Amino acid sequence: AQKITQTQPGMFVQEKEAVTLDCTYDTSDQSYGLFWYKQPSSGEMIFLIYQGSYDEQNATEGRYSLNFQKARKSANLVISASQLGDSAMYFCAMREGRVQGAQKLVFGQGTRLTINP
Amino acid sequence: EPEVTQTPSHQVTQMGQEVILRCVPISNHLYFYWYRQILGQKVEFLVSFYNNEISEKSEIFDDQFSVERPDGSNFTLKIRSTKLEDSAMYFCASKVALSSYEQYFGPGTRLTVT
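Each protein sequence line maps, in turn, to chains G and R.
For the first sequence, the residue numbers in this note's numbering are 1 to 117.
For the second sequence, the residue numbers in this note's numbering are 1 to 114.
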């Protein structure tokens with residue numbers, strides 16, 4: 001079964017608009033964490049934002065915020081005031097279990113975001 | 001700011017050849033990882049490494065793969081006899097122990113097997 005599901009293979013947004021990238025997850029653990037990474041065309045993986053399952057507030061990092069809805073098992077990324085440089089592939093990922101230990105990340109299929117001028 | 005580095009950035013090899021991909025994790029990190037990404041697909045976990053031994057490996061990480069930390073700084077992934085389907089981007093990542101959650105990724109090595 002898919003652990004991380006990103007249902008939008010591609011998104012096209014006008015510059016300066018806000019955009020929401022969807023991510024749903026599946027886990028039976030009480031302790032887990034959710035990540036968003038950006039992968040530009042150059043290929044590197046850039047960490048954007050993290051949400052722990054016990055965090056009461058939604059995570060925010062500058063223009064990025066994570067809309068965490070635990071009951072619905074969703075962790076959508078919201079990018080406000082999109083810029084041309086936001087065009088990239090975006091991956092949602094999850095770590096399971098306690099934060100201690102060598103935990104692997106499980107990634108979704110990704111969403112390709114294109115910002116139009 | 002400290003970063004994970006990987007060499008080479010691109011490696012071309014013939015099927016059946018051995019390749020070694022090199023990574024220098026961030027110096028005070030204790031957990032190390034290899035992931036791969038076949039072109040156009042999602043990133044997949046290969047192996048995690050802590051205290052000089054493998055912590056976990058995926059089903060992809062078969063007997064053709066091995067990892068090593070030969071000295072205090074390098075972390076290597078060896079593929080003994082490459083296959084065409086090993087062509088992918090290989091990412092190294094590292095993490096500080098205990099309360100850290102973030103894995104810092106290197107820029108990747110693109111492996112092309114011909």
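Keep in mind that the hints were calculated from the coordinates and are not lab data.
Watch out, some of these pointers could steer you wrong.
For lysine-lysine, the following DSSO-like pairs were computed, each having C-alpha atoms within a straight-line distance of at most 30 Å [what the hints assert, rightly or not]:
# : chain 1 : residue 1 : chain 2 : residue 2
1 : G       : 70        : R       : 83
2 : G       : 73        : R       : 78
3 : R       : 57        : G       : 70
4 : R       : 57        : G       : 3
5 : G       : 16        : R       : 57
6 : G       : 16        : R       : 42
7 : G       : 73        : R       : 83
As the structure is a prediction and not an experimental result, all values here were calculated from the model.
Here is how each hint holds up against the structure:
1. The hinted pair formed by residue 70 (chain G) and residue 83 (chain R) fails the criterion: a straight-line CA distance of about 42 Å is larger than 30 Å.
2. Distance restraint check for residue 73 (chain G) and residue 78 (chain R): the Cα-Cα separation of roughly 37 Å exceeds the 30 Å cut-off, and the hinted pair is therefore not satisfied.
3. Only pairs whose Cα atoms come within 30 Å are accepted, and residue 57 (chain R) paired with residue 70 (chain G) is accepted, the gap being roughly 29 Å.
4. Proposed proximity of residue 57 (chain R) and residue 3 (chain G) is supported: the alpha carbons are some 17 Å apart, at most 30 Å.
5. For the suggested pair residue 16 (chain G) and residue 57 (chain R), the alpha carbons sit about 42 Å apart, so the restraint of at most 30 Å is broken.
6. Our distance criterion of 30 Å between C-alpha atoms is met by residue 16 (chain G) and residue 42 (chain R), whose separation comes to about 28 Å.
7. Of the supplied pair hints, the one linking residue 73 (chain G) and residue 83 (chain R) is violated, its CA atoms being roughly 38 Å apart against a limit of 30 Å.
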